[in-house]
Every structure is written in structure tokens, then in C-alpha cells.
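Each residue of the sequence shown is one higher than the one before, starting from 16 at the first, in our numbering.
Please note that the accuracy of each hint is not assured.
Unchecked claim - Between beta-carbon pairs, the in silico distance windows are:
1) Lys38 x Thr103: 32 to 38 Å
2) Pro66 x Lys35: 40 to 46 Å
3) Gly54 x Asn82: 23 to 29 Å
4) Pro70 x Asn107: 32 to 38 Å
5) Gly54 x Ile30: 37 to 43 Å
6) Thr115 x Glu75: 17 to 23 Å
7) Ile30 x Asp85: 47 to 53 Å
8) Gln81 x Arg112: 15 to 21 Å
9) Glu88 x Glu28: 17 to 23 Å
10) Arg72 x Val50: 18 to 24 Å
Worth flagging that the hints you see were computed from the coordinates, not collected in a lab. Each residue gets a CB set at the ideal place from its N, CA and C atoms; glycine is no exception.
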Amino acid sequence: MLTLLLLRSSQKEKIEKKSKKEKKSKKEKDDADSVDKSGVTLLLFYQYVEPPWSPQRHKEALKHIQNVGDRLELGGRMRCSREGLNCTITGNYDGVRQWTEEVSWLVQGAESWSEAVDS
């Protein structure tokens with residue numbers, strides 16, 4: 016009888032944990048959906064790459080971040096060296112989020128955006 020009660024208690028704890036996790040996940044999704052997207056979003060970051068990019072890869076990365084930044088109408092400073100990126104970017108919420116997605120492949124070691132997405 017004691018074993019059965021402990022088992023039921025353990026099952027109840029698992030169910031409660033799962034329920035809490037689901038509630039937390041739903042709250043986080045709701046919070047993300049309710050983000051105030053008006054105004055200006057500011058992103059500051061740096062990301063080193065190892066090994067450093069070749070001169071050709073550096074040129075491609077520089078061209079890519081400039082093109083994406085221009086297309087999304089972002090401002091700020093985007094420093095791109097063979098060692099990686101150091102950026103302070105301003106723009107609207109969706110533009111900054113899109114920029115991070117579109118340049119993430121550069122620091123993942125992929126040769127192109129499609130290669131990064133497919134992996």
C-alpha cells in the first residue's frame with residue numbers, strides 16, 4: 016500500500032511539473048506575442064569566429080551584413096573584421112530580429128544562408 020501511494024505521489028508530481036512547464040511555455044509565447052514593437056529597438060553584440068575568416072570570406076560577410084542592414088533600413092555601427100562582428104544596431108523590432116536571423120549563418124561556419132538553414 017505504501018509503495019502504491021508513493022508511486023501515485025510521484026506520478027502526481029510529474030503531472031504537476033508537466034502542467035507548470037506547459038503553463039510557463041504558454042506564458043512565454045504570450046509574452047513574446049505581446050511585445051511592444053513600436054519605437055526603436057537597440058541591439059549590441061559581438062561575436063568572434065574561430066578560425067578567423069579568410070580575406071574572401073570577410074569580404075562576403077561585410078557585403079552581406081551591409082545589404083541586409085540596408086534592406087531592413089537599420090542604423091548604427093556594424094564592424095566586420097576577419098575575427099568576427101561587433102555591432103550596435105538600431106531599427107524597428109521586426110527589422111532587428113530579421114537581421115539577426117539573416118546574419119546568424121556567418122558565425123555558424125556555414126558557407127551560405129541556405130546551408131545554415133538546412134543544417
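Task: Whether the CB-CB distance between Gly54 and Asn82 falls inside 23 to 29 Å - done: Because 25 Å falls inside the window, the suggested range holds.
- [ ] For Gly54 and Ile30, compare the CB-CB distance with the range 37 to 43 Å and indicate the outcome.
- [x] 42 Å, holds
Task: Assessment of proposed distance window 32 to 38 Å (beta carbons of Lys38, Thr103) - done: With a Cβ separation near 36 Å, Lys38 and Thr103 satisfy 32 to 38 Å, so the hint holds.
Open item on the list: Quick check: does the Cβ-Cβ distance between Glu88 and Glu28 fall within 17 to 23 Å?
Closed with: 51 Å, violated
Open item on the list: Given a hint of 32 to 38 Å, does the C-beta separation of Pro70 and Asn107 actually sit inside it?
Closed with: 34 Å, holds
Open item on the list: Is 17 to 23 Å respected by the C-beta to C-beta distance linking Thr115 and Glu75?
Closed with: Because 18 Å falls inside the window, the suggested range holds.
- [ ] May I ask you to test the hint 15 to 21 Å on the CB atoms belonging to Gln81 and Arg112?
- [x] 18 Å, holds
Open item on the list: Given the hint of 40 to 46 Å, is the C-beta distance from Pro66 to Lys35 inside that range or not?
Closed with: 44 Å, holds
- [ ] Confirm or reject the claim that Arg72 and Val50 have a C-beta distance inside 18 to 24 Å.
- [x] For Arg72 and Val50 the Cβ distance comes to about 34 Å; the hint is violated.
Task: Ile30 paired with Asp85, Cβ distance criterion 47 to 53 Å - done: 52 Å, holds
In this structure, the hints that do not hold are numbers 9 and 10, in rising order.
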